[in-house]
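First to last, the sequence lines map onto chains E and V. Heads up, the first sequence is in the working numbering, so the first residue is 206 and it goes up one at a time. Heads up, the second sequence is in the working numbering, so the first residue is 12 and it goes up one at a time.
Please note: incorrect hints may appear among the correct ones.
Taking beta-carbon pairs under 10 Å as the criterion, some of the chain E residues facing chain V (in silico) [to be verified]:
1) Gly-391
2) Lys-401
3) Ala-453
4) Gly-460
5) Ala-610
6) Asn-612
Source of the hints: derived by calculation from the structure; they are not laboratory data. In this text, a Cβ means the ideal position worked out from N, Cα and C, and glycines have one as well.
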Amino acid sequence: MKMLRYRRTAWIALSTVALLGFQAAGAAAADITLNIASMNDPFGAAMAKLADRAKKDTGVGIKVDIMNYGELMTKTTADFIGHTAGYDIITMDNVLSGQYATGGHVIALDALIKRDKDEIKPDDIYPVVMNSLGNYKGVQIAMPFSGYANVLVYRKDLFDAAGLAAPATMEELQADAEKLTDRKKGQYGWVANGQKGPAVAQDWMQYNAELGGSILDKDGKPAINSPSNIKSLTVYKALFDKAAPPGAVDYDWGGREESFRQGISATMQTWSVGASSYGDPDKSKIVGKFAVVKAPPGQGAPQQYGIGGWGLSINGDITKDRQEAAWKVIKWLTSAEIQKELAKLGGGGYIRKSSIKDAELNAMFPFLPVIGESFEKGNGDFRPRVPEYPEIQDILGSAVNAVLAGNSDPKAALDDAQSRALAVFKE
Amino acid sequence: MTESGFSSSGPPKRPATALAVAGPFDWFGLRARLLPPGEPLEARRRLFFFCLTAPVILYVLACAVWPAVVGLSYSLFRYNLLRPQRTAFVGLENYVALWTDPSTRTAIFNTLAFVAGAVILEFVAGFALALLLWRDRLINRVSLALLLVPVTVTPLATGLIFRALLTPDYGPIGYWARVLGISSERGFLGSPQTALATIVAMDVWQWTPLMMLILLAGLKSIPSSFLEAAEVDGATAWQRFTTIIVPVMTPTILLALLLRVIDASMVFDTIYVTTNGGPGDATNVLMIRAVKEGLEFFNIGTASAISALMLALVAVMASVFFVLINRYDRKAAP
């Protein structure tokens, strides 16, 4: 009798625990809040502002952790290596596609995109953006989220006063930049990044591609000291010597942008994401005096425009239900409606044709057609998206800066860079 | 020494029985086993003090020694967090690669030049300021408080402030220095000839007050009777400085120098935000290289080798100071 009573009590206890467990599991599924590791580009703040709407529209909460580039890399890599599943969605710089793909830390999205293609409408996304912001060797490891085009911004008032039209080729840009440089007045014709490291490497790679150069050869091996690369570095150095502000050899993105906004420099190639800030009277002295056009290629070089930006990846270490929730949020964030909202909030990145053609957005940002045209003929691989990219960028960052500082000549610097790059690839 | 715990000379010691007696805190007889009543008192005292310091020893082993050992072991591997499948034991290959790399050799030279330049200038300026502020006056107290402001600014902010000031295109100092021909066209930070010296000057601005504070504390601890007696005997100010102030302050001076040498060897933030090691390799130091290898490329093997190199450099410099302090102590002992 006593035994029976114990058994009954045990059954009741077990049933209660099971019931509570099921309830808790159900509540957990309904109450998922995803952690998003975001770069502190303008889209980060815009995405954070939409957190409440994300919960309302998708039923999934989002918590956006906005970080600088170094912090983002360190935290997400530690999360991947330690399999701690701290972040569910990760904003991925498109140049890191190779690293992400070979590391195996994020899930492939091909099957999900195929499954939900009616909802996603992939035809509305520019093919170059779809490819370069998340595809590596045929596998989609990230969904494109915030695409940038490399554009030329120039001082329309200075060009008009000098009787010049917007430069259509790199040679014209070089000639105009020299013509508009007046050192006595503190006016310079051109500005670009010169600081050692990623800053100078990324800017030079842009000019290098426009002048027909390439960092890797057709087999994907380093070809850093090719004649066309040496020639493009010579042009870059000449622009620095003849048309750039004296301090530009030490400029990173902030210094370069400030130089243009303060009216010191007449032309600059830059990511389209920053274009809206030149018209902001709180930040800029050139409001109403600038124009945005496509980046000019070198004479005879293929007409192609640099593409960069960020994709959204799903951490492979999180549970299946969180992966499904993450995909739901990614579909929402990359939908036409939310892309427009992000643009209105100052996100600055574009992936969809519908956003570029949107009348309301065009009224706010009149340079959108330039971005659209650049996307149509975009090149997302002018910075090689290989696993060794960070090392290659560092090698180039040292070599180009050494040339600009007068410590080396283009051929010697790129010969040295080539041997270093080969050693990295051999490793 | 007697069983009662009192020796014929030296301070009185506690009776051994106080440690050996089993009682309510005997911890299952462990204490009685560790401290058998028959053992000599000195051995039991040593064991007792060892038990007291054991937590600290364990902490140091876990938080300093163990990571250092693991770091040293990593330096013998080709180990990249992003390419773990390629991990392999390579012996001293990472060290050989560093030594044969001209950029690393420049980084070692720059690190030593930076440490020597910054610490010497900070010491001279800090000592001069400490002597100026020695007397306890209101103006000195106010000056001391104001002079300490740079120490409270983070090195990262210092770098950003100086960068804005020194930009030759629109910086308040940089612009006029360029126009007046004091700096080159590319400014102090943009020229390979002046970049490292400028970084040294920024460090001197920030850390001289700390040096001054430590030395001022040393000056205040000198008994005034020493100096008054010397003055009565007719010693000049220079004689008082060289024969009383400097000898009495030697341990303080060495300690201040040691602290700054260790700290200056790890310079990173200011360089990272101003020049990122450039132009060329002009301001490339070991810490910049280590952070780049470890946190940008996740190349743990190479980063560990650079860290081991830095550890060796700092250990050599610290040993020199410890030898000097010991020599001073022996000389000063009666």
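Status of the hints after comparison with the structure:
The closest approach between the C-beta of Gly-391(E) and any C-beta of chain V is roughly 7 Å, which is under the 10 Å cut-off, so the hint is satisfied. Against a cut-off of 10 Å between C-beta atoms, the interface hint on Lys-401(E) holds, since the closest Cβ of chain V lies about 3 Å away. Interface restraint check for Ala-453(E): the shortest CB-CB distance to chain V comes to about 8 Å, inside 10 Å, so the restraint holds. At a threshold of 10 Å, the smallest CB-CB gap from Gly-460(E) to chain V is about 7 Å, leaving the interface hint in force.
Look at Ala-610(E): its Cβ gets to within about 3 Å of chain V, closer than 10 Å, so that hint holds up. Taking 10 Å as the C-beta cut-off, the interface hint given for Asn-612(E) holds, the closest approach to chain V being about 4 Å.
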